[in-house]
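Protein chains: 2
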Amino acid sequence: MTETAQTRADAGVLAVLLDGEYAALRARARDFLVEHASFHTEAESLDRDAYRDGVRDLVVAAAAQGLTGSGFPAAYGGGDDFGGNVAAFETLAYGDLSVLVKFGVQFGLFGGAIHQLGTTPHHEAWLADIASARLLGSFAMTETGHGSNVQAIRTTATYDAATGEFVIDTPDDDARKDYIGNAARHAQAAAVFAQLVVDGPDGQPENHGVHALFVPLRDASGATLPGVRIEDCGTKLGLQGVDNGRIWFDGVRVPRTNLLNRYGDVSPDGVYSSPIDNPDRRFFTMLGTLVQGRVCVGGAGITASKVALTIATRYAAERRQFGAAGQPETVLLDYGQHQRRLMPLIARTYALHFAQERLARDFHEVFTAGDATTERRRRALESRAAATKSLATWHATRTIQECREACGGAGYLAVNRFAALKADTDVFTTFEGDNTILLQLVGKGRLTDLKDEFGSLDGVAMARYVGRQAAETLAEKVIARSVIERVRDAARGHDEGEPGGDLLDPAYQLRMLRTREERITGSVARRLKAGMDAGVDPAEVFSRCQHHLLAAASAHAERIVLEALLTKVEAMPAGPERDLLAKVGHLHALSEIERDRAWWMEHGRLSTERAKSVTRAVDTLCRELRDDALTLVDAFGVPEPLLTQEI
Amino acid sequence: MTETAQTRADAGVLAVLLDGEYAALRARARDFLVEHASFHTEAESLDRDAYRDGVRDLVVAAAAQGLTGSGFPAAYGGGDDFGGNVAAFETLAYGDLSVLVKFGVQFGLFGGAIHQLGTTPHHEAWLADIASARLLGSFAMTETGHGSNVQAIRTTATYDAATGEFVIDTPDDDARKDYIGNAARHAQAAAVFAQLVVDGPDGQPENHGVHALFVPLRDASGATLPGVRIEDCGTKLGLQGVDNGRIWFDGVRVPRTNLLNRYGDVSPDGVYSSPIDNPDRRFFTMLGTLVQGRVCVGGAGITASKVALTIATRYAAERRQFGAAGQPETVLLDYGQHQRRLMPLIARTYALHFAQERLARDFHEVFTAGDATTERRRRALESRAAATKSLATWHATRTIQECREACGGAGYLAVNRFAALKADTDVFTTFEGDNTILLQLVGKGRLTDLKDEFGSLDGVAMARYVGRQAAETLAEKVIARSVIERVRDAARGHDEGEPGGDLLDPAYQLRMLRTREERITGSVARRLKAGMDAGVDPAEVFSRCQHHLLAAASAHAERIVLEALLTKVEAMPAGPERDLLAKVGHLHALSEIERDRAWWMEHGRLSTERAKSVTRAVDTLCRELRDDALTLVDAFGVPEPLLTQEI
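Chains as they are written, first to last, in my numbering: chain A, 1 to 647; chain B, 1 to 647.
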């Protein structure tokens, strides 16, 4: 190991780096959490309704402090700042996650749908009230029978030209809206997704696909409106402070103008029109405008991981157990296995943090550009959001579990926070897009890129293409020239056979991950093509290649996460903090290479001796980082009043 | 794939195989659960105290039906049947896990301590009342400051010769008893573990190490006795129906005869005596008698995995999502990735089931033999219990998580059981021995075996020895001769270099796992020896090798689990059930080889081409087993009334 810090890295300096450009907003969000730090403890003694009302009150309070409107237009009390919205959400995730999810439903999903799918009259009518939480709402997309496959939902909105209204109907229980946040108790209205049915010129009903409508649910007294039936989803694994519900519609009528008509409209006399002719493209464009939820949930997963790691690392630095006779017992963090459990998770949390920062910046840029952005940039953003969200939320599940176990019985007590962290974050892996489905989208997107370019799935050309794509993406960004050059030189010199280079060379690490990505993507493309060429049933071909496709997607996701980390480190000024994060980068990269080292061996990219040296390097890095463990978690900046656990 | 079932395997036949020799007792336990199936639903509406009282009532009811006393002597209402106790515990784990854990605390831990550490007068005084649940008690071992390192607990029991009493004291908050089940509300007494202090001949107090005493906690009205202070541990991650508490003792006096004196006694005039002179050996012998808890918890983890897999597999066989246009959507179980998620977990559950069956039989035999058993057999049992418990409980955590995610949002609703399964089983990985510590014990035990044999840690001799050990263990048992011979022949022919043999040959699979076990054990021994020889601080040497030592222990544990599965399949009569379980065995073995295939490649035991063929074989097996998935989970025999989930 070549880096030796001259002086110790400072947690404060790292914290500034992590908070980034939204430091001021994050500070305000932290102040808000500190102000309400006692809420979670108090909530324990409340019954469910009172807890939920308390959660709602906090959401309203956050709105009053201006923490909720960053993403809305300034004209309606917002900040015209999409990135700010993500930063606020990520930071509020240090606190009670029911509050966070309720916040997300109200401002991100419900407000986001009105904002992105609606047009000026809708914004005028509702956005100011939504941003201030005077109008509470739901996002009614998922149905019992259809979660991932939104295009197949079965709620209908049928246009009645005679009255100029849409009539919303739930055909059967399988089509009831389900798991809808805010619905069971507080929502006054909802953005309801339904198949839009309009009579065609021949008088026959025509389905124009999924659209969203603004539908009032409750009157001022809180009673459900005629035709609306709502049930509580009952006790959940976590997030008990969110009032998830089921909704049935029976002939519910709303004015024609309640259709959120940015991507599809119906004239008073019943003629459908849309700026996007292709129904599939229209559908995916509409869904794409709602990517914010995905961006936010991944960020929340990373924040939750930071809380768990802060608790477990501080415990490990204090707790003693076993040791030589006559000596004080040994601190847990001095055990090699304990270092092996915690340090790679800390390193990966840093990597994901910077990947998330990059994602949030792309999101901000694309949405700020609005219609001026390109289709290609939007698609790249959606792919990046899906990849980052999957990795971040699976990381949260794994990290919180490992940290709980690393705190033993103490970790099992609710007072030490793991109970809520574990239960509340559990759904992150399957809501706002099931992680498996999201990775599949990433994988399919990679294949589409190839096919668009070549008109066919030719492996060799493809692999070359993917390599170039990656280099271009790098080049577009702020990564220092030196790394790009090193990567390119290295790619030229070592494209085949045993790669040389120092294990601790970031260019080597990145090249390893890119090689894997290219090769797996190319080979799954070849397999799919061979299956189709052979005339096998496409569903069967897909089923057989699905695991492989997901491996391609994961490989892509891992590469962009590492790239984000290395780019960040490269841009840091020299000093002990950069030295420390460089080491964190090594640990993250080599842990990933160690985890999947079989792949590189199988593909002639790693000798068995070198594979063993990767394992040794991970051991050494874990040990070397031990003395900086507290610095690394202190830099996460979890507000201290939220860390008043007993252990 | 060579096996093709002529007719389909029958779930009923498999169920009989799984229930094994305790089928009748398991049937009674299932009846009990069915009778009380509504309890968990009702419990949701109860406040915490009422829920806990309900749990206690069920424990008492189970005792009344004779489900709780199998392990106790017949003279006190028991069945003289240690194995029966484990079978009842495993089966009751299909139901509410708070009931199960309370059951374990009362009959296994509290009753077990009186039974195993006490002598006839103690049995006469208390066992009948414990077996019938007339006397409820706690097992007060763990302290806030010491969980894993029990030998360092700091509660004291000081002998007062003047009154013929022991005086129990908690020196400070770090030494309070913590997480003690049954303590916060119901226990009338406890088996309290404390350092036994007796004045020596010179009048100076002497510490004789950890011993257990019977200590009354509450009077008939339920009030705590003088000198006893008890607090509730508060809300936990799960198991809210168990009243865990903290206990402080301040000068609490109990008669001298309350010392559970099987392994250490104090005469009325204050002279300490023990049948075991060496204090360390005495301590570990005492702990060893309490191995039942570990045996039971591993079994419960397997049962919980069965419940989760039954729910997720049935859901996957019904739920449709996505598919070709104009076609019915595709059933989840037809997706390659979904098969990849569920099938290896089902296979591993079968493997662990048979490993647990073997463990329970060993436990029964060793404890039935009592003092007639050998030190070596006891040590082997403890190692097997530690290995099986670690693998089984980590498997439960992983399986329940994967199944929850595989059911999406529906999996997040409490009504579908994953919430309770996840929360209640979470602590299994760290109680009754932290899994990491347990695996460490397994690893150290392997090294001790080597050292005892050779007086030194010589790698080559060791590896040969370990191989022989394994063969002997096999030979001792009922495994069919054919497998032993195949394994031995194979070991002779292919001890070095690329192994030949069919991937679907059980002898090949077992040889792969044994090779790994021998090599890792040998190499960690060499590293430890080299470090010590070089004069490095032993704690530092251990810390650096700890991860490696745990890998050796895991490799051992994986080998004995596979061996149990293969032995079972080998003994089955020919037929579709055997064909099916043979395939399950292949999937389990090859999944493990796939997971860690890097190791075999690094050690020259697997070519890269063969490694890829392992992955292909796993893919194929997952697909081939798809149509038997429901049969395999139906055979688990989860009582249907406990599966009334909505999904």
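Hints in this document: simulated from the structure, not taken from any laboratory. Heads up, a few of these hints could be off.
To be verified - Label pairs and their in silico Cβ distance ranges:
{"#": "1", "chain 1": "A", "residue 1": "THR7", "chain 2": "B", "residue 2": "ASN278", "range": "32 to 42 Å"}
{"#": "2", "chain 1": "B", "residue 1": "VAL536", "chain 2": "A", "residue 2": "ALA27", "range": "23 to 33 Å"}
{"#": "3", "chain 1": "B", "residue 1": "GLN151", "chain 2": "A", "residue 2": "GLU42", "range": "53 to 63 Å"}
{"#": "4", "chain 1": "B", "residue 1": "PRO171", "chain 2": "A", "residue 2": "ASP502", "range": "47 to 57 Å"}
{"#": "5", "chain 1": "B", "residue 1": "PRO255", "chain 2": "A", "residue 2": "LEU46", "range": "45 to 55 Å"}
{"#": "6", "chain 1": "A", "residue 1": "SER273", "chain 2": "B", "residue 2": "ALA325", "range": "39 to 49 Å"}
{"#": "7", "chain 1": "B", "residue 1": "ARG377", "chain 2": "A", "residue 2": "ARG398", "range": "31 to 41 Å"}
{"#": "8", "chain 1": "B", "residue 1": "PRO205", "chain 2": "A", "residue 2": "ASP53", "range": "58 to 68 Å"}
Think of the CB as a built atom: it goes at the ideal place given N, C-alpha and C, for glycine as much as any other residue.
Consistency of the hints with the structure:
1. At roughly 51 Å, the beta-carbon separation of A/THR7 and B/ASN278 lies outside the given 32 to 42 Å, and the hint is violated.
2. The hinted window of 23 to 33 Å between B/VAL536 and A/ALA27 is violated, with their beta carbons roughly 47 Å apart.
3. At roughly 41 Å, the beta carbons of B/GLN151 and A/GLU42 sit outside the given window of 53 to 63 Å.
4. For the pair B/PRO171 and A/ASP502, the beta carbons lie near 54 Å from each other, so the given range of 47 to 57 Å is met.
5. Remark: the range hint 45 to 55 Å for B/PRO255 to A/LEU46 is upheld by a beta-carbon distance near 47 Å.
6. For the pair A/SER273 and B/ALA325, the supplied restraint of 39 to 49 Å is violated, since their beta-carbon distance comes to about 24 Å.
7. At roughly 38 Å, the beta carbons of B/ARG377 and A/ARG398 sit within the given window of 31 to 41 Å.
8. Restraint check, B/PRO205 to A/ASP53: a C-beta distance of roughly 59 Å satisfies the suggested window 58 to 68 Å.
Consistency note: the structure conflicts with the earlier hints numbered 1, 2, 3, 6.
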